[in-house]
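Novice: Protein chains in written order, with the working numbering: chain B, 130 to 405; chain F, 31 to 450; chain V, 608 to 909.
Worth double-checking, as some hints may not be accurate.
[Stated by the list, open to error] Restricting the straight-line Cα-Cα distance to at most 27 Å, the calculated cross-link-like pairs of lysine-lysine (DSS-like) are: (1) B:K261 to V:K660; (2) V:K618 to F:K202; (3) V:K681 to F:K426; (4) B:K351 to F:K202.
Read the hints as simulated data drawn from the structure, not as lab findings.
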Amino acid sequence: MKRSSIKLLVLYIALISLSVVFLMPFLWMVTTALKGSEDEIFTYPPDIIPKSFHFENFKRVWELYPWLTFLNNTLIIAVLSTVGVVISSSMAAFAFAVLRFRGRDKLFILVISTMMIPYYTTLIPQYILFAKLGWIDTLKPLWVPAFFGSAYFIFLLRQFFKSIPVELYEAARIDGASIFQTFYKIYFPLARPAVITVIILHFMAAWSDFFGPLIYLQSEEKYTLVLGLNSFRGMYYTSWHYLMAATIMVVTPMIVVFLIGQKKIIGGITISGMKS
Amino acid sequence: MKPFGRFLLVLIIIALMISSLAYAKKVYIRATTWDIAEGVKWIKEVFKEYEKLHPNVVINVQSITQGYSDKLVTSIAGGTPPDIFMWWDYPRLASLGVLEPLENVVDFSGVYPTLVKWVTYKGHIWGVAKDWTTRVIWYNKKIFDKYGVPYPKEDWTWEDFLETAKKLTHPKDGVYGFAVVPDPYAWEAWVKMNGGDYLSPDAKTMKGYLNSKQTIEAIKFLTDLYLVYGVSPSPSVREAAGGTYAMFESGKLAMIDSGSWFIGYMKARNPGITTKELAKRFGCTFLPHPKGKETMTMLHNAAWVVPKKSKHKDIALDIEKFLAKEGGRVMAKAGWALPISDKVAKELNLYSDPILGVFLRSLPYSVKDPSFLKREDWWKNFSKYIGDAFDMIMLKKMTVEQALNWAVDQSEQALKREGK
Amino acid sequence: MRTRTTSLRRKEEIAGYLFILPWIIGFAVFTAGPIAFSFFLSFHEWNIFNKMKWIGLKNYARLFSDPLFYQSLKVTLEYTVIAVPLSLITGLALALLLYPKVKGTSVFRTIFYTPSVLPMVATATLWIWIYNPQYGILNYLLSKIGIKGPDWLYSTEWVVPAIAFMGVWTVGPNMIIYLAGLEDVPQVYWDAAKVDGANWWQRFRYVTLPLLSPTTFFLLVTNTIGALQAFTQAYVMGGGGQGFGAPANASLFYCLYLYQQGWSWFNMGYASAMSWILTLIIFTLTMVIFRTSRSWVFYERG
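Next up, chain B with everything else stripped away, as it sits in the complex:
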């Protein structure tokens, strides 16, 4: 065997054995969702394969709630807020990383500082604010703020923009490109892996957010998928097989989004071509 193929073999062994570990929770969910009763769910050691397959659990879960309405609401929130976050955060990140203006670093510290305050202490004033705007029981509190940037993603993108040699900016400017063109035509495409990462991470966060929709939505026709999902968790009693069936329905689209999205991270225009 050649050395490179031994290496490849070792790599595959590592990847496959780790896959077993990382697939465990999902597999457990699938088998739980197909089980018939609690007795089967809580046995030690847990049965990997159900005694009998209860596909009707999915049917039952599907019938209980208007999932398509929930899906529609979730999509509105996830898509709009992702668009908002990408545009606003990348612009701010570009300014913080590349442009020189007075107070830049102090403002950047302020951006980071907004992440430091525990969410629970600003929740009530925030709620009152949205109530004053008349946004309670609408989807707006869940996507409009995204258009004003997110500290986390501004920070992430700033790190990537900062890695792009500043000579590139200078050169583009001397060639007569406007600042916006430099951002839009050069920096944005160059940071593609990071931008795609932002899209994936934010889309998933918005999709699986529980607390925001819980606090701001009231009527069932405004519910998101995750709120629907949590209806299966009682304070005293949880129907695990239904909960897991619903969870699979809710998370599978996210896994597909990830599968497609992460491919786009690879093969961005790399800087190397320009620099070497």
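Following the hints, complete the assembly by docking chains F and V onto the known chain B.
Specialist: Same frame as chain B, but now just chains F and V:
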């Protein structure tokens, strides 16, 4: 016709049209509950009865299970609360002036006096019970039969209880007699029936009460079941069995101290099962009492309350009136919950029910002066210290006496710190 | 010439403000108010529903004599010290494994990411099983090598490390961010190092790590903030989900205690004071990281 007569006629027609329009205009009421699935179904059934009587009212029930209090608290603070909602910790909300007192609007004469007393705080009545449960000892008949142990009587002592639990403990078979689950609220009944208490009568301190001889004795009795006699599974063994109920149901645990929730648990798993059918496999009985003393129990009651800022307060209050009058008939008839009115219980002949009868008969034995009603502003802190002390005992980090003294110390220091 | 540069600099200055304008508006409208409010609150007694009462620094004074405040701080710091390095190292290791573009990479990436998209309840239940001292797989494996495992979630000594170890499963975001960082590194650097005869470790140590330093810096800051604010993990796992801080406050995380004070006991003023102390701690730590970053973070690859 005279012009005036014609004018009057037009006026009447217009008035009729307006009133019929108003009649047709629906009012939407928002109600919130933490119940799910079948629980929500029966709440909706109850409200349907109200809607039948008031065709212009539509009651939307929102079920929130996780983060219920977070959501309620923010929405009340933000001025957009539901019109009526289920709550358990009324003293806390009531004392903060958030709730509407009901005693002048609702006729409580048909409701069990104990239930009314447990929602009375600072001289006002704050809610109409949705349903309730006392704490009882549930037992699994199959395990008793297997080891030839007679079913417990309703009048039994702590010694009887310990003996029974010992006889039912067979670690080889993985079978335990009783599950010890430390819980300051639930254990108050055990403490009080032994003549102990958590708080002084004026609720100013725990000193001399939580660490009194009687309280120590009661807590020692309960924790010794686990620490000394080994009749109780450890938390991790219970967890491995899928929880206390699952372990009890599957025949690995002979007795549990719980409420009527177990009926709901069984119903969720065996749709349509009746209490008579349930009684073939499980029984329940009063909590045991120290020799020569009377038994007591703790009441758990969820109630419908109306926030002051309800948008349709008049209708919400009218619903409360209806609920008190209805007395829990719809849910009781369906076998879903215990009625809140003795009239309904008698009408449905529930006293003769092998399971529900025990709950109904034990209701008068509810603790007379529960701690959480004594001092709402500080009870959460007290109960945290008590709970921490129980943890220390169960982890064998302290003896009962040390732990309870430690809790008293902690609470005295905190009281002093806060200047209360 | 001079005027040209100044006008260019002026344009850049104006553009800078324009580019961050959306964030500034959002900050002014949505964030600044609530933050100022909570700061203001920390000097008051407020039970959410009634009028506030000015009490000056009393909340802070109470805090410093509250044993549970110190306990929760200790728990949270212990968690942070374990969880942050663990999740950074695991994230990087997985990213390095997944970087080579071999067949099936994207499937493996997705598999490694799945635990991160599952709701915490689902993964928590499984962890509670794994950690079960009697029947759990972890103590079973330990017994095979002759170690008697502890009671994990029921033990005051092990509950925090146990909760921190859970993080290795949900390291997906770190992994993907490191991957993006690796994608951003020009292949030529590795090729050059190879030509120079650097071995695997040397290439990792002297090429990969420095080039990833901006990413590491970002993850270090954000993961530290996240760990110090950890809430859900503790809420779901402590004492096998037996309640706040179980057993015996050994898993009373800072934000759990803050939540309990503010949302269960309605001591919102006290909770606000707690959150400002935490913010101050996070701010100090972040500034320390920022200061040291000058010596280990390399941005421009000119």
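Novice: Could you check the structure against the hints above and give me the numbers of any it violates, in ascending order?
Specialist: The structure breaks hints 2 and 4; every other hint is satisfied.
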